[in-house]
Amino acid sequence: MADKLMMGRRTFVAGSLAASALAALAGCGKKDAGAGAGAAAGGTMKFYINDPVAIDPYNTQESEGTQVEHILFDALTDYDWNKKEIVPKAAESWEANADATEWTFHLVKGAKFHNGDTVDAKSFKRAWERICDPKMTTPSKISYHLAPVMGYDAISEGNAKELSGVTCPDEYTLKVKLTAPMADFPYVVAHPALAPVPQAALDDPASFLTAPIGNGPFKMDGKWESGQYINVVRFDDYYGQKATLAGINFSIQKDPDTAFREFEAGNMDFTDIPAGRLKEISDKYGTSKDGYTVTKGAQALTGAEASIYFLAINMKDPVMQDLNLRKAMSLAINRQNIVDTLFEGSRKAANSAFPAIIDDNASNAWEFCKYDKDAAKKIVDDNGLAGTEITLSYNSGGGHEDIMSIIQADLEAVGLKVKQASMEWASYLTALGDGNYQVGRLGWNADYPTMDNFLYPNFYSTADNNYSAYKNEEVDAAIDAARQIVDEEARKAEYRRINVMIGNDLPIIPIMFYGHNKVGSARIQNFYFDAQNKGEFATAKLEG
Amino acid sequence: MTEEMEKNEVTESPVTTDGDIDTSAPARTLWGDAWSRLRRNKLAIFGAVWIVLMILVALTADLWVPQTLGSPTEADSTTMTQDSRLPPSPEHPFGTDTLGRDVLCRVIYGARISLAVGVLATAISTIIGLVMGALAAYYGGIWDTIIMRLADIFLAFPYILFVIAMLAVIGPGIQNVFIAIGILGWPSIARVFRSAILSVKENDYVDAARAMGASDARIVARHIFPNSVASIVVYATMNIGGAILTESALSYLGMGVVPPDPSWGIMIQDGQTYLATQPWLMLMPGLAILTTVLAFTLLGDGLRDALDVKMKDA
Amino acid sequence: MGKYILKRVLQFIPVFLGVTLILFAMENIVPGDPIKLMAGEKKLDPQTEITLRASYHMIETDDNGNPIYDEAGNTIETPMWKRYGLYVGGLLHGDLGTSFQRTGQPVADILLQKYPYTVRLAIVAIILEAIVGIGAGMVSAIKRYSFWDILVTLITSILVAMPAFWFGMLLQLFFGIVLKDVTGGSVYLPISGAGGPNAEFADWVYYILPACTLAAVSTAYCARIMRSQLLEVLNQDYIRTARAKGLSRRDVIWHHALKNALIPVVTYIGIDFGAMMAGAILTETVFNWPGVGYETYRAITQRDWPIVLGSVTVIVVVVMVINLIVDVSYAFLDPRIRYGAGKSE
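As they're listed, the protein sequences go chains A, B and C.
Position one of the first sequence corresponds to residue 328 (this note's numbering), numbered consecutively onward.
Position one of the second sequence corresponds to residue 576 (this note's numbering), numbered consecutively onward.
Position one of the third sequence corresponds to residue 29 (this note's numbering), numbered consecutively onward.
Among the clues, some could well be false.
Pair ranges (Cβ atoms, derived) [unchecked claim]:
1) G624/A x P641/B: 42 to 52 Å
2) V345/C x P801/B: 49 to 59 Å
3) S788/A x N92/C: 25 to 35 Å
4) E591/A x G748/B: 49 to 59 Å
To give an idea of the interface, some chain A residues facing chain B are shown, with a C-beta separation under 8 Å as derived from the structure [to be verified]:
5) R588
6) E591
7) G593
8) S723
9) S749
Hints were generated in silico from the structure; no laboratory data involved.
Since the model is a prediction, treat every value here as computed from it, not as a measurement.
For each residue, glycine too, the CB sits at the ideal point set by N, CA and C.
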């Protein structure tokens, strides 16, 4: 009995010791608020990203890698979303010849890489050739950006060592010859992937992958710790306006839910809003006035993005070749209901191949890209389409199930028979690429904020991304012609005409335009997060 | 998780009685004794009652659940906003989820999926395991070597990764989940059965049967199987709990049951987002898994003690 | 003994070849072309696709690494057996290949970055498991049928029956959220990540909750095994004899019973260490832990086969080696066991 009591007491003591140890642990494990990197002047912003594919410009493609890469590197030009025009960045000026086949860029003099090397014309040529080089350990997946440049085929097929269309007449002049006219070329070179690299990128490509050396306003602090963080700090020898922030801690989280929990715990400055919580978050933190700028009390961002969510139609499928069927489907879908019930209005019902922030001319709307159930029903009945069987393919997860279920109900309401086929992401993409589908969900994020970048990749008959296998010789010829128009307004008018032409054929059914769904902490002042999901960290400030 | 199931082989509860399996005893006495012993084990009876209750609720759910609690899968978009994530109340005892669906309703329908996966997966792995174990033990030699090496390769794989890879091959969905769990679960059962047969095989009555000209299949079916059935029953009961845990893990990772089907694992994953604000969303389905698996474990423990099966490393 | 070890090591070879071959075959069976996946929804242009396939030896190339084309102008797929040969050849030189989806990064580098986190977490979990599990098992056995015994049995039964990832979330809920609310924000533990230079706590604090989660189920089993082993040993003749000779109960337990009872427990813990390396996927997912379990899961869903092959192969080898060490040390600890003489296993 005594034995038992003793054991009891001992266990009790052990238990209380353990409990107090835990509490003490938390206390002494906590770092002093002043000791961290946050103490440096300007503060360190904690920013949520997923693990990127690459932060080295030669393979910068998705939003997460771009987020980091575009502040480490400055490309030749930049797109200003407020002015809606291309502005200088690493190049202070540029000019083209009469038919827009030869471009000359004059670089900012005296700009430095983070390692002290000079940013010269050769560093651009070097970077671009690296992108085209088929003998890299892993060749770049985005060399298509340079496809318009003369000599691209020869170098990418391994038949040449140089990109012959790019020359450096002097240290600060870069000359680019294109194989065909392209008036939008300054938009192309604004892409972060086309930034310059120093000689170190060739000398030690392995370290460059995880700790790239750029010419941007921030530089790497240590290397990319996969699955954990990427830290960058202000680059004090930057040629342009120096950043106010001391640094940024890109905190790599597996999903927005985990990131948001950290945000709610006060450990994150900028993150995604989890599905279905936009209203609650907007009420709590306030909505940003322009939709893109975070300031205290107006912290939730809902601005439109340069991207579209659509149903690709397999134009080779005998059933889907019927234009009347495509018209009826497009008219039957209640897009507003989808964006209201599932996205709380943060996305916008689509009425065209590109959103209004790309071009807001009223003539862009597609005739059949609206909700008119009666008209849809009439087309179905008049053409004997009732009971037509259609399979809707999509990738599982990511909330597509709910969208597809609403679309299915809408299509069935006008007399069509719809089957859902949900596949795992990897399997789905393969099926789509092989043309094993009827109607399939897709998204398109613009590389360059131009109408051409929505129309050419998706609708030009030989373009890689033309999943619909759409082929209209008139459209092809018109796009070729539009690319040569040097006059900005005339070119835009021509693209608007092409857009309507495509709209009448309905090779895709636009569903909605994406919108921001992000929230920043109250510490942030004046942080602009643009329509292509790139943060303007250089001008952001932190309080406290 | 097999890892856990393997551990089961070497555990005993406080009420264990030691002793080797008494295979020569007449079958009726074994089962009769077992029943009287099992009846006295309150925990095992509690487990059994809970399981029966769950089965009854799951089977009759269509008759009364949708009428009182609404649909487990469909959301009503007109009332979604005001019904979203309500705390537990008399009207919604477990609260509601993001799409305004009743959580209790989804937990009840989730029981169907969990029980179906648990039982069917165990059935598949038991059948494959029995055939493989019988082939290995009865024929020995090269058969034994090949099958046991194959079992080694299967067991060498990290189990959960193996199931995930298998699901990548055959695609997600309820039936594929129990097929994957079932197919990959055979090696441990084969080992248990193999050693059970090996111990029975040495007995005189098997030799006698063989001397009388009985065929191999007949000897296995008439003599060896009935005498190993106790260990199979115990093993299978415990395996059901393991299969339910595996299913929940797969669904949690998004590789298992496809939404909107109400799997407990998916519900936990959905609820994880609201851990700080609406914790009942992840607590309720987790408690459902806990009680169900616990019931199978208690019953399995009870059966093991009652049937006097010693579950050591096979 | 030497002969036995040699025999066991030789047995590694078929298991190892079997495992890699199954994984290699999987790459061909599982739907989803890893190269096409590389650019996401944007399609690769055909020339880039060929270039990438050539760089991963998926199509035949000449000595300069340029793709070879047949008369019709198509590339020639490299047969699976040849690629498997290349892979095993690379392995012998310590080359595990290059990741598909993590641009240009060697698999070895990625694994070297991820494994330490998983191994350290597993070590902390094992220490926890050994201390708590053995302790609870002892209490439970020595005080058989007491309140403590029933409590241990109850807790272990519950731990064994709950999904480990759910247990992790409970810990997050109580130590990360409820505790923070109750103490007004002064006492709590971090609920995700592994620390780092900008983290709020010192790195070791980040191990507490994930390690508890990873150890939970194993600790429960450890306690149950310890209990039943100790009970069995205490029932044996030599212990009874020792007691009859007048030794105190405490002396008998500490000097005689414990050593023998511990052998199977230590064996179990050893094997469990291997299992933890693989079983950490869920814990790593719940706690956003940068380890190899989650990396492998990511690799499977993204069809990053070089990573799947590399990490699973390493796990399999580690598990086999640990099992061998455990078996051999078992023989040293327990003189009744002799390997290599007649009966196998």
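Proposed interface contact between E591/A and chain B, which counts if any beta carbon pair is under 8 Å:
holds (6 Å)
Range first: 49 to 59 Å. Now tell me if the beta carbons of V345/C and P801/B are that far apart.
For V345/C and P801/B the Cβ distance comes to about 42 Å; the hint is violated.
Holds or violated: 42 to 52 Å for the Cβ distance of G624/A and P641/B?
Distance hint for G624/A, P641/B holds at roughly 45 Å.
Min Cβ distance, R588/A to chain B: is it shorter than 8 Å?
Nearest chain B Cβ about 6 Å off; hint holds.
So does E591/A sit 49 to 59 Å from G748/B, Cβ to Cβ?
violated (34 Å)
Mind checking the CB of S749/A against every CB in chain B and telling me if the closest is under 8 Å?
holds (7 Å)
Using the beta carbons of S788/A and N92/C, state whether their distance is inside 25 to 35 Å or not.
Given range 25 to 35 Å: holds, Cβ gap about 34 Å.
Residue hint G593/A, partner chain B, criterion CB-CB below 8 Å:
violated (12 Å)
Tell me if the interface restraint on S723/A is satisfied: Cβ within less than 8 Å of some Cβ in chain B.
Hint holds; S723/A Cβ to chain B Cβ min 6 Å, cut 8 Å.
When held up to the earlier numbered hints, the structure conflicts with 2, 4, 7 and fits the remainder.
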